[in-house]
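K.L.:
These protein sequence lines map, in sequence, to chains Z and R. Count the first sequence with the working numbering and you get residues 1 to 334, in order. Count the second sequence with the working numbering and you get residues 1001 to 1334, in order.
Don't take every hint at face value.
[What the hints assert, rightly or not] List of simulated lysine to aspartate or glutamate pairs, EDC-like, C-alpha gap at most 20 Å:
1) Z:332 / Z:236
2) Z:324 / Z:156
3) R:1160 / Z:125
4) Z:107 / Z:135
5) Z:297 / Z:309
6) Z:145 / Z:156
7) Z:288 / Z:135
8) Z:178 / R:1156
9) Z:145 / Z:323
10) Z:288 / Z:305
11) Z:207 / Z:182
12) Z:31 / R:1051
13) Z:332 / Z:259
14) Z:145 / Z:89
15) Z:324 / Z:284
16) Z:255 / Z:329
17) Z:177 / R:1051
18) Z:107 / R:1223
19) Z:70 / R:1051
20) Z:178 / Z:135
21) Z:242 / Z:259
22) Z:201 / R:1051
23) Z:87 / R:1156
24) Z:56 / Z:29
[As the list claims (entries may be wrong)] Computed footprint of chain R on chain Z; a stretch qualifies when at least three of its residues, placed anywhere within it, have a C-beta under 8 Å from a C-beta of chain R:
25) 68-75
26) 80-87
27) 155-169
None of these hints come from the bench; they were simulated from the model. Don't be surprised by glycine CBs; every beta carbon is placed ideally from N, CA and C.
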Amino acid sequence: MSILKRLTVAAALSVAMATTAFTGSALADMKVALVVKSLGNGFFDAAHKGAEEAAKEIGGIEVIYTGPTKATAEAQIEVINSLIAQKVDAIAISANDADALVPALKKAMDRGITVISWDSGVAPEGRQMHLNPSDTNLIGETIIKLAADHLPEGGDVAILSAASTATNQNAWIDAAKKALPEKFPKINLVSVVYGDDDSAKSTDEAKGLLKSNPNLKAIIAPTTVGVVAAAQVVTDENLIGKVNVTGLALPSEFKKFIDNGASQSVALWNPIDLGYSAVYLVHDIAAKKDEVKPGAKLSIGRVGEVTLDDNNSAAMAAPFTFDKSNIEEFSKIY
Amino acid sequence: MSTIQPTQARHIPDRLDRPLRSALLGWEALLVAVAVAIFIINSFASPYFLDVWSLSDLTFNFTEKALIALAMALLIIAGEIDLSVAAIIALASTLMGMAVQFGFSTPALVGIGICVGLACGVFNGLLVTRLGLPSIVVTISTMSLFRGIAFIILGDQAYKGYPASFAFFGQGYVWWVVSFELALFLAAAVVYYVLLHRTNFGRYVFAIGNNPVAAQFSGVRVDRIKLVLFCLTGLMSGIAAVLITSRLGSTRPSIAQGYELEVITMVVLGGVSILGGSGSIAGVVLAALIMGLVTFGLGLLNVPGIVMSIFVGLLLILVIALPLVWRRFMRKAA
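All chains, full assembly: derive it from the sequences and hints.
P.N.:
Below, the structure is given as structure tokens:
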């Protein structure tokens, strides 16, 4: 046993020395973790591209792109714990749950790690700042407008969301519900269902919507997974032209459904810019270049500048609409 | 010769067929070997692994599930199963969250969590023993039922505002790096070890798992014992609900989603026969440790979660297939 112990210690020491030597030569002064809701999601892969771009531009940053397989708070906490153990310098996270992650992220901040949230936020006590991809009210209005633009007579629409606990989707849906009576009186929101950002579950929920609402004119999916699933269901069930699928979609994933007519138009902000901005901001805060306080103006390199509100959160840019005229061009980018 | 000799000197094995018993001993030896191997690989692979705080954080990856696995092991040894454990956590956590809104104190919250767990266990147990329904059917139904109630109460909302003192159970430390969760798990493991391996009750559990009819005719109150076992899994789920709710500091109805399969994985990896009749607490404790080591070790290397699931799956197949293949090989050689 003592031999084993000695071996283990010796091994650990040599690895530790080797690693110090290695990181020294790699010139990474700062380790930034980009934590996403779940891996294998095209949106986050695009954000990762932007994150690497920012790292290259600033220099001396090692980006750790990570996240759980299942989009749950518990799985994300395990990821956070392992990042704390790795002594990363900064964490930029898109949260699966605004509240449940707070204790784990507080622990990270207690151990000297800079924490910001981006895309999907964490409650203010669990992060230093939050970067919204866009303005919540604007997104809520946009997703309804996308459907309403093609329904001059009005009609029934339904929302297919991500997890019922997803912070950002819930905020957008609330904003959409608020915008409905004032700005879109002819649009009737009949149902909100949750596909958990899982293709199979989203497909089932979309089928369910079509079955239980025979007069449905549009499915609005403010999630890149749900929108593809819904468009596929509409295509498979020969409902092209009867039901319009819209929402937030990645042009590269969604191009074929604009082409085949299952969807007239979708919108999204640029996820590459979002990943870029998240890493840019978290680096500047960790390097003490920026001070986080309400009203502060923070620079985000080529994307421009954001202003923090009273909750230390900021909005990056307005969503951009893709339709037949421009999807070809953008599908090549992300 | 006519005096009755005390029978305690005679050795009565847990199982009558000795080769299997020795294989079982071999199993724990195998698990220890696997655990040590993973520990050494981890120390080689990541310089951050051999750090007391890393190792302490690691235990949070498995303690809650392992607590349930202890009771689940007994239930599976007795030839039954409880798939509703994660749903019980969701319901217990939701009712605790509800109590918070009415201003209940920390001891009352803990009491509510544990009692709800126990009540759910009684409900499962009565359905299985009184109505004679198969436990897999009953608990698949109650899995939807319990979580369904949580979803009806909470919808897409969250309960928060737990008192500060409540945070101790999931975030507090008893001594230095030993968390309350770990201490509780170790204490529970001792209790369950004594219960299964050192009491009549434990012997009855094995008897029921091997042959419930024979056990019945031998005077074992089969239904009574099964009812107690369901109460125990309910109770442990209630305790786990207190811990996880305290650790997350909030409740959503999706809490602990998918935990039932991880609990059962631990039990099976620990050498408990899924058909009932054999198994040991030591094996389950080792299996919990191995799962924690594997997930945390891979987490330190930022291995994506899906690869982690593949590793756990392979490990399970390997550990279960190895002894079988080995035995077949030995038989052929003989």
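K.L.:
Next step is simple, just say for each hint if it's right about the structure.
P.N.:
Hint check:
1. Z:332 / Z:236: violated (25 Å)
2. Z:324 / Z:156: violated (24 Å)
3. R:1160 / Z:125: Roughly 13 Å separates the two Cα atoms, so the pair holds.
4. Z:107 / Z:135: violated (29 Å)
5. Z:297 / Z:309: holds (10 Å)
6. Z:145 / Z:156: Holds, because 14 Å separates the two Cα atoms, which is no more than 20 Å.
7. Z:288 / Z:135: The given pair, whose Cα atoms are some 27 Å apart, is violated under the 20 Å limit.
8. Z:178 / R:1156: holds (17 Å)
9. Z:145 / Z:323: holds (14 Å)
10. Z:288 / Z:305: holds (17 Å)
11. Z:207 / Z:182: Distance ~30 Å between residue 207 of chain Z and residue 182 of chain Z Cα, so the pair is violated.
12. Z:31 / R:1051: holds (19 Å)
13. Z:332 / Z:259: holds (15 Å)
14. Z:145 / Z:89: With Cα atoms ~41 Å apart, residue 145 of chain Z and residue 89 of chain Z exceed 20 Å; violated.
15. Z:324 / Z:284: Answer violated: residue 324 of chain Z to residue 284 of chain Z is near 39 Å, above 20 Å.
16. Z:255 / Z:329: Holds, at roughly 10 Å.
17. Z:177 / R:1051: Not satisfied, since the Cα-Cα distance of roughly 50 Å exceeds 20 Å.
18. Z:107 / R:1223: Roughly 47 Å between the alpha carbons, so the hint for residue 107 of chain Z and residue 1223 of chain R is violated.
19. Z:70 / R:1051: This hinted pair is violated, its Cα atoms lying about 28 Å apart.
20. Z:178 / Z:135: holds (14 Å)
21. Z:242 / Z:259: Measuring from Cα to Cα gives roughly 16 Å; hence the hint holds.
22. Z:201 / R:1051: Violated: residue 201 of chain Z and residue 1051 of chain R sit about 41 Å apart, past 20 Å.
23. Z:87 / R:1156: Judged against 20 Å, a Cα distance of about 34 Å means the pair is violated.
24. Z:56 / Z:29: holds (13 Å)
25. 68-75: Answer holds; 7 residues pass the 8 Å Cβ test.
26. 80-87: It holds: at least three residues are needed, and the region 80-87 of chain Z offers 6 whose Cβ sits within less than 8 Å of chain R.
27. 155-169: Since 3 is at least three, the answer is holds.
In the structure shown, a violation is registered for the earlier hints numbered 1, 2, 4, 7, 11, 14, 15, 17, 18, 19, 22 and 23, in ascending order.
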